[in-house]
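Trainee: Sequence:
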Amino acid sequence: MARHRSFEEKKYIVDYYLNHGDIEGTAEKFDIGTTTLQDWVKKYFNYGEASLVVRSQHTSYSSDFKQMVAHEYLQGDDSYQTLALKYNIPAGTTVRKWVLQYTEGKKTKSTFGGSHTMTKSRKTTYEERLKIAEYEESHDITIRELSELFEVSYQQAYSYVKKYQTSGAYGLEDKRGKRKPKSDWTEIDQLKRELEIERRKRRKVEVENAFLKKLEELERRRK
Numbered sequence: 001m002a003r004h005r006s007f008e009e010k011k012y013i014v015d016y017y018l019n020h021g022d023i024e025g026t027a028e029k030f031d032i033g034t035t036t037l038q039d040w041v042k043k044y045f046n047y048g049e050a051s052l053v054v055r056s057q058h059t060s061y062s063s064d065f066k067q068m069v070a071h072e073y074l075q076g077d078d079s080y081q082t083l084a085l086k087y088n089i090p091a092g093t094t095v096r097k098w099v100l101q102y103t104e105g106k107k108t109k110s111t112f113g114g115s116h117t118m119t120k121s122r123k124t125t126y127e128e129r130l131k132i133a134e135y136e137e138s139h140d141i142t143i144r145e146l147s148e149l150f151e152v153s154y155q156q157a158y159s160y161v162k163k164y165q166t167s168g169a170y171g172l173e174d175k176r177g178k179r180k181p182k183s184d185w186t187e188i189d190q191l192k193r194e195l196e197i198e199r200r201k202r203r204k205v206e207v208e209n210a211f212l213k214k215l216e217e218l219e220r221r222r223k
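Numbering-wise, full-length UniProt numbering puts 121 at position 121 of the sequence shown, and it's gapless, one number per residue.
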């Protein structure tokens, strides 16, 4: 069974690799897996040495920290696992739990702020949903502020904004389980959806490509 490494050990091993440029040789020297070492180096390059700090599965996180991570997930394109790596959280499932707690508006001291209760979900018309999405697009406003302004739940506001970004106004219609054929989409709706899909694909591989490029540069310097 692989033993746990302290922060100091991880930092020393990563520094050794950066100075010698041999991923397999370094992994063999310190008796660790090549994949493990690559993971440490990737974290170090993207998120700094703090990402190498060893956290217990029972680490206590503040409500503000949980809320910040959950909000970053909902506002951006990073996956649960990416945020776990970024903030050195033991598992992506932990981030997922925080996001669910955040969007459901649970009122517990250990969740987000204790006494704050989010607006409950309510029925909305197509016109309301469109107004909410268009308002977000034209104003510098957070999803939480948007939900409070229009008196809808956080999840509703987030859903309307995302649907509008990916499918345009059509995405906000109440289709009652029926999907409109893509052939009936407007050119603008289709273009918006294609742009959103492409943006997410690029974001997903952006970090990995940057990491691989840095590794290649290091390998070239050592030859």
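Hints listed in this document are in silico derivations from the structure and should not be mistaken for laboratory results. We put the beta carbon where it would ideally sit given N, CA and C, even for glycine. Certain hints may be false.
[To be verified] For lysine-lysine, the following BS3-like pairs were computed, each having C-alpha atoms within a straight-line distance of at most 27 Å:
{"id": "1", "residue 1": "Lys120", "residue 2": "Lys86"}
{"id": "2", "residue 1": "Lys29", "residue 2": "Lys11"}
{"id": "3", "residue 1": "Lys213", "residue 2": "Lys29"}
{"id": "4", "residue 1": "Lys131", "residue 2": "Lys120"}
{"id": "5", "residue 1": "Lys43", "residue 2": "Lys11"}
{"id": "6", "residue 1": "Lys86", "residue 2": "Lys123"}
{"id": "7", "residue 1": "Lys131", "residue 2": "Lys162"}
{"id": "8", "residue 1": "Lys43", "residue 2": "Lys29"}
{"id": "9", "residue 1": "Lys162", "residue 2": "Lys42"}
{"id": "10", "residue 1": "Lys97", "residue 2": "Lys123"}
{"id": "11", "residue 1": "Lys42", "residue 2": "Lys97"}
{"id": "12", "residue 1": "Lys123", "residue 2": "Lys29"}
{"id": "13", "residue 1": "Lys43", "residue 2": "Lys163"}
{"id": "14", "residue 1": "Lys162", "residue 2": "Lys97"}
{"id": "15", "residue 1": "Lys131", "residue 2": "Lys86"}
{"id": "16", "residue 1": "Lys29", "residue 2": "Lys162"}
{"id": "17", "residue 1": "Lys131", "residue 2": "Lys163"}
{"id": "18", "residue 1": "Lys29", "residue 2": "Lys42"}
{"id": "19", "residue 1": "Lys86", "residue 2": "Lys97"}
{"id": "20", "residue 1": "Lys213", "residue 2": "Lys162"}
{"id": "21", "residue 1": "Lys11", "residue 2": "Lys214"}
[Unchecked claim] The calculated label-pair distances, taken between Cβ atoms and stated as ranges, are:
{"id": "22", "residue 1": "Glu145", "residue 2": "Ala91", "range": "39 to 49 Å"}
{"id": "23", "residue 1": "Glu28", "residue 2": "Lys120", "range": "55 to 65 Å"}
{"id": "24", "residue 1": "Leu195", "residue 2": "Asp174", "range": "40 to 50 Å"}
{"id": "25", "residue 1": "Ser138", "residue 2": "Gly48", "range": "12 to 22 Å"}
{"id": "26", "residue 1": "Gly25", "residue 2": "Lys213", "range": "18 to 28 Å"}
Trainee: All hints are to be evaluated individually against the structure, with a verdict given for each.
Mentor: These are the hints, each one checked on the structure:
| no. | hint | result |
| --- | --- | --- |
| 1 | Lys120 <-> Lys86 | violated, 31 Å |
| 2 | Lys29 <-> Lys11 | holds, 15 Å |
| 3 | Lys213 <-> Lys29 | holds, 24 Å |
| 4 | Lys131 <-> Lys120 | holds, 19 Å |
| 5 | Lys43 <-> Lys11 | holds, 11 Å |
| 6 | Lys86 <-> Lys123 | violated, 37 Å |
| 7 | Lys131 <-> Lys162 | holds, 14 Å |
| 8 | Lys43 <-> Lys29 | holds, 21 Å |
| 9 | Lys162 <-> Lys42 | violated, 30 Å |
| 10 | Lys97 <-> Lys123 | holds, 26 Å |
| 11 | Lys42 <-> Lys97 | holds, 25 Å |
| 12 | Lys123 <-> Lys29 | violated, 62 Å |
| 13 | Lys43 <-> Lys163 | violated, 32 Å |
| 14 | Lys162 <-> Lys97 | holds, 21 Å |
| 15 | Lys131 <-> Lys86 | violated, 35 Å |
| 16 | Lys29 <-> Lys162 | violated, 48 Å |
| 17 | Lys131 <-> Lys163 | holds, 13 Å |
| 18 | Lys29 <-> Lys42 | holds, 19 Å |
| 19 | Lys86 <-> Lys97 | holds, 17 Å |
| 20 | Lys213 <-> Lys162 | violated, 32 Å |
| 21 | Lys11 <-> Lys214 | holds, 18 Å |
| 22 | Glu145 <-> Ala91: 39 to 49 Å | violated, 30 Å |
| 23 | Glu28 <-> Lys120: 55 to 65 Å | holds, 57 Å |
| 24 | Leu195 <-> Asp174: 40 to 50 Å | violated, 25 Å |
| 25 | Ser138 <-> Gly48: 12 to 22 Å | violated, 36 Å |
| 26 | Gly25 <-> Lys213: 18 to 28 Å | holds, 21 Å |
Checked against the numbered hints above, the structure breaks hints 1, 6, 9, 12, 13, 15, 16, 20, 22, 24 and 25 and satisfies the rest.
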